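Residue numbers (the numbering used here), protein chains in the order written: chain A, 1 to 433; chain B, 1 to 433.
For the record, the hints were derived by calculation from the structure and aren't laboratory data. Take the hints with a grain of salt, since some may be wrong.
Unchecked claim - Quick list of simulated restraints, FRET-style, between CB atoms: (1) A:Q184 x B:Q424: 58 to 68 Å; (2) B:T3 x A:T403: 24 to 34 Å; (3) A:G320 x B:E346: 21 to 31 Å; (4) B:D433 x A:S377: 23 to 33 Å; (5) A:T255 x B:E346: 31 to 41 Å; (6) B:G243 x A:S61: 51 to 61 Å; (7) A:I382 x B:E241: 26 to 36 Å; (8) B:E84 x A:G81: 52 to 62 Å; (9) A:T403 x B:I270: 29 to 39 Å; (10) B:P113 x A:S61: 41 to 51 Å; (11) B:E190 x A:K118: 50 to 60 Å; (12) A:Q150 x B:R45: 51 to 61 Å.
Since the structure is predicted, the reported quantities are computational estimates derived from the model, not experimental observations. We treat Cβ as the ideally placed atom computed from N, Cα and C, and that holds for glycine.
Spelled out, the chains give:
Number of protein chains: 2
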Amino acid sequence: METTHVGIVGLGTVGSGVAKILLEQSTRIARHAGRQLKLQHAVVRDLKKPRGIEIASSILSDELSKITDNAQISVVAQLIGGLEPARSIMLQLLAAGKDVVTANKALLAEHGPELFDKARELGRSIAFEASVAGGIPIITSISQCLSANQITSLRGILNGTSNFIVSQMEESGMKFDDAVSLAQQLGYAEADPAMDVDGSDAAQKLAILSHLAFGSRVGWKDIPRIGIDSLDPADLRFATELGYRIKLLAIAQLTDHGLELHVSPSLVKIGRPLAEVREAYNAVSVVGDAVGRVFFQGLGAGQMPTASAVVADLIDMATGRTKITFRTLELWSQREARVDIREHDETPGRYYLRFSVKDHPGVLGDIASVLAQHQVSIASVIQHEPTRDSEGSLVPLVIMTHTATEGGVRQAVEQIELGESVKQGSVRMRVLD
Amino acid sequence: METTHVGIVGLGTVGSGVAKILLEQSTRIARHAGRQLKLQHAVVRDLKKPRGIEIASSILSDELSKITDNAQISVVAQLIGGLEPARSIMLQLLAAGKDVVTANKALLAEHGPELFDKARELGRSIAFEASVAGGIPIITSISQCLSANQITSLRGILNGTSNFIVSQMEESGMKFDDAVSLAQQLGYAEADPAMDVDGSDAAQKLAILSHLAFGSRVGWKDIPRIGIDSLDPADLRFATELGYRIKLLAIAQLTDHGLELHVSPSLVKIGRPLAEVREAYNAVSVVGDAVGRVFFQGLGAGQMPTASAVVADLIDMATGRTKITFRTLELWSQREARVDIREHDETPGRYYLRFSVKDHPGVLGDIASVLAQHQVSIASVIQHEPTRDSEGSLVPLVIMTHTATEGGVRQAVEQIELGESVKQGSVRMRVLD
Numbered sequence: 001m002e003t004t005h006v007g008i009v010g011l012g013t014v015g016s017g018v019a020k021i022l023l024e025q026s027t028r029i030a031r032h033a034g035r036q037l038k039l040q041h042a043v044v045r046d047l048k049k050p051r052g053i054e055i056a057s058s059i060l061s062d063e064l065s066k067i068t069d070n071a072q073i074s075v076v077a078q079l080i081g082g083l084e085p086a087r088s089i090m091l092q093l094l095a096a097g098k099d100v101v102t103a104n105k106a107l108l109a110e111h112g113p114e115l116f117d118k119a120r121e122l123g124r125s126i127a128f129e130a131s132v133a134g135g136i137p138i139i140t141s142i143s144q145c146l147s148a149n150q151i152t153s154l155r156g157i158l159n160g161t162s163n164f165i166v167s168q169m170e171e172s173g174m175k176f177d178d179a180v181s182l183a184q185q186l187g188y189a190e191a192d193p194a195m196d197v198d199g200s201d202a203a204q205k206l207a208i209l210s211h212l213a214f215g216s217r218v219g220w221k222d223i224p225r226i227g228i229d230s231l232d233p234a235d236l237r238f239a240t241e242l243g244y245r246i247k248l249l250a251i252a253q254l255t256d257h258g259l260e261l262h263v264s265p266s267l268v269k270i271g272r273p274l275a276e277v278r279e280a281y282n283a284v285s286v287v288g289d290a291v292g293r294v295f296f297q298g299l300g301a302g303q304m305p306t307a308s309a310v311v312a313d314l315i316d317m318a319t320g321r322t323k324i325t326f327r328t329l330e331l332w333s334q335r336e337a338r339v340d341i342r343e344h345d346e347t348p349g350r351y352y353l354r355f356s357v358k359d360h361p362g363v364l365g366d367i368a369s370v371l372a373q374h375q376v377s378i379a380s381v382i383q384h385e386p387t388r389d390s391e392g393s394l395v396p397l398v399i400m401t402h403t404a405t406e407g408g409v410r411q412a413v414e415q416i417e418l419g420e421s422v423k424q425g426s427v428r429m430r431v432l433d
Numbered sequence: 001m002e003t004t005h006v007g008i009v010g011l012g013t014v015g016s017g018v019a020k021i022l023l024e025q026s027t028r029i030a031r032h033a034g035r036q037l038k039l040q041h042a043v044v045r046d047l048k049k050p051r052g053i054e055i056a057s058s059i060l061s062d063e064l065s066k067i068t069d070n071a072q073i074s075v076v077a078q079l080i081g082g083l084e085p086a087r088s089i090m091l092q093l094l095a096a097g098k099d100v101v102t103a104n105k106a107l108l109a110e111h112g113p114e115l116f117d118k119a120r121e122l123g124r125s126i127a128f129e130a131s132v133a134g135g136i137p138i139i140t141s142i143s144q145c146l147s148a149n150q151i152t153s154l155r156g157i158l159n160g161t162s163n164f165i166v167s168q169m170e171e172s173g174m175k176f177d178d179a180v181s182l183a184q185q186l187g188y189a190e191a192d193p194a195m196d197v198d199g200s201d202a203a204q205k206l207a208i209l210s211h212l213a214f215g216s217r218v219g220w221k222d223i224p225r226i227g228i229d230s231l232d233p234a235d236l237r238f239a240t241e242l243g244y245r246i247k248l249l250a251i252a253q254l255t256d257h258g259l260e261l262h263v264s265p266s267l268v269k270i271g272r273p274l275a276e277v278r279e280a281y282n283a284v285s286v287v288g289d290a291v292g293r294v295f296f297q298g299l300g301a302g303q304m305p306t307a308s309a310v311v312a313d314l315i316d317m318a319t320g321r322t323k324i325t326f327r328t329l330e331l332w333s334q335r336e337a338r339v340d341i342r343e344h345d346e347t348p349g350r351y352y353l354r355f356s357v358k359d360h361p362g363v364l365g366d367i368a369s370v371l372a373q374h375q376v377s378i379a380s381v382i383q384h385e386p387t388r389d390s391e392g393s394l395v396p397l398v399i400m401t402h403t404a405t406e407g408g409v410r411q412a413v414e415q416i417e418l419g420e421s422v423k424q425g426s427v428r429m430r431v432l433d
């Protein structure tokens, strides 16, 4: 049986998981790959740092040259997070003739074109199944299994931290800050979860998926995004009352007017698969013109789910499948984008609006007429009977709209907030069909 | 750009769908395959039969030799159902040097070893993503994306017809026969749906999946199976009352005592992804030791979802990916089975039992003591207050058990039915954890 020699750069959580599978499950891997995968070297920054696995000192090194100078090693899992030195190391590995597997979505979303062009120039391949939705095989599904289709819609819960936090807020009425603390205690959130909860992480993943599915070349920073950091438990309660759950969704929708892309907390009908995704799970709902809707759910992060995806990529590289896919798809090549992005203000949708209004007559009428001026028509309203406590004070007014445009709704809300009976800070969320 | 010449044998529902995609979406397919896929010939039995697509007469033929004698054609979609002449045609295609894509799960479940050995002997490949769960990429996921894992559990809703029928019975209280008629009217069921509703179709698919996931070589006829053909609306109501839905599940569970395989209507907790799969959808829930649980849902049948899977296989063959996967995995080779099958009577599980009992004192006590003799302990009971109508007549007694063995529960029920207060035809269904 032939042997493919493998290197790992970075033995953090994911890297240790990958090493664990390669070292402990070599028989299984050989059976699935038709060849041995031998971990030759693992390069780390600090040799003395304790790691959760037994790894021979002959394998460990703190010099990248152990891998780049070793002609036997043909495939490397590059598992360092962040942009630098991850980018430079990736370029060095490619230049040294290695095919590279990565789980680093930030790196791809930021430097994809440069890295992929360099790989093509050097005749090398890059694989990145683990970069989006961890254990869910969404990259392979889009680029291989659904290749007969024009994909028309992608809706994803792509950030497990946010989903955990929102699930906690909904199920136990917890406030955002308390749910974040719990997520940190349980290891679902980083010490600084800013990129998770503000929608950036989901936008990076959406940028990668929409490049694969639609050939779009939009930068992740140009994707309109709203996070869950300003989510109020009150809206989770109203959503439930209306028959919905709130999920942080990353959405790409192909229309005759271009591709709509956005990340935002959205209302999803209870009973729909996306609505029932709890805890730190990820999910993606894909629609293809031939296949219809296909729904995937799995763990989007964590040591072993992510390592599972990385090792599958290593096996695909060792067998030669990745090389074929990589050459065929010409990802992030210099070709022009295949699709235009639709102006965000023009995207249509139904909306959930919550205003804090002074509890006196005529307010609903005033709001309704401003909405009407912007072609926003009302589908339903929740305005509870005032309680003794609320008299003269602020009460919530919840409005579900019919289909309107993002821009129309935004402008209407801005104008409504100019009125003296309405407090600043109204809530506006998409409602899924 | 290079061209791969493709043949189709059989232009029924799926074949027409495949031809439609190849003819109408050639630009898209070329982009995803990195080469043209040209439909050279489609062979049918009856040239005069009307078909839902425009197809040039130069492509159509009623002679298989148009394909077998054409050296240009390297890849053929063989889309004839049933065992013969499907098997003979497949062997002729392989002998003529063609790689073959098929959607025929009955053929693979029955003649897999023969066909795969022949393909290997001749240096050819077989692809079969469409044979199980149509548009869900479960074959690729198991054999490629989850290859870092030991799969430990597969639970599938693999027969869309049955799922549609059970969903109708549950949602509208319809009887089995009426739900079958509706399914036939809507095109979800064949004129003779016997193989669908008696669990045979699901068992064939489970045999294929468990060969892929566990290396088992069990014949589908040896998989214990119960269909939905004796399902009573009363049990759907009791299940709902208990917080469950009933689904026809195909289950493979790896244990220290061997692989458990069975197909049967089972109770799944409401809110669990499998419980929420409605209409004619299929779903598969897979657990891998690294990835955890991954859940897939999509359309398991129908023209375009199945064609989507067939065309993906054609693309994989044209690019060369299939050849690698086929050689690597050595499916249905002469190698011994990698796993033993656990004796069905020994498999553990919780059970839902419904007895029709004479409405007089002492019956529950008698039943409980027989269950206890067989080490079956009771978790909960539903016995409604007798109504005026029920006095002296038969009333339902529903029992949920703690974990017991299949054999213990079966024997207990047999013994209970010997009692004069209990009617024959008790109901016994698995309850999922």
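So, going through the hints one by one against the coordinates:
The beta-carbon spacing between Q184 (chain A) and Q424 (chain B), approximately 59 Å, falls within the hinted interval of 58 to 68 Å. A hinted range of 24 to 34 Å is violated for the C-beta pair T3 (chain B) and T403 (chain A), which are about 45 Å apart. A beta carbon spacing of about 43 Å between G320 (chain A) and E346 (chain B) contradicts the range 21 to 31 Å that was offered as a hint. Checked against the given bound of 23 to 33 Å, the beta carbons of D433 (chain B) and S377 (chain A), roughly 48 Å apart, lie outside it.
Taken as a hint, the range 31 to 41 Å is violated for the pair T255 (chain A) and E346 (chain B), whose Cβ atoms sit roughly 56 Å apart. For G243 (chain B) and S61 (chain A), the hinted distance range of 51 to 61 Å is satisfied, since their beta carbons lie about 55 Å from each other. The hinted window of 26 to 36 Å between I382 (chain A) and E241 (chain B) holds, with their beta carbons roughly 31 Å apart. Between E84 (chain B) and G81 (chain A) the beta carbons are some 57 Å apart, a value that agrees with the proposed interval 52 to 62 Å.
Between T403 (chain A) and I270 (chain B) the beta carbon distance is about 31 Å. The supplied range of 29 to 39 Å therefore holds. In this structure the hint that P113 (chain B) and S61 (chain A) lie 41 to 51 Å apart at CB holds, the actual value being about 47 Å. Remark: the range hint 50 to 60 Å for E190 (chain B) to K118 (chain A) is upheld by a beta-carbon distance near 54 Å. Checked against the hint of 51 to 61 Å, the C-beta distance between Q150 (chain A) and R45 (chain B) comes to roughly 32 Å, which is inconsistent with it.
Comparing the model with each numbered hint stated earlier shows that hints 2, 3, 4, 5 and 12 do not hold.
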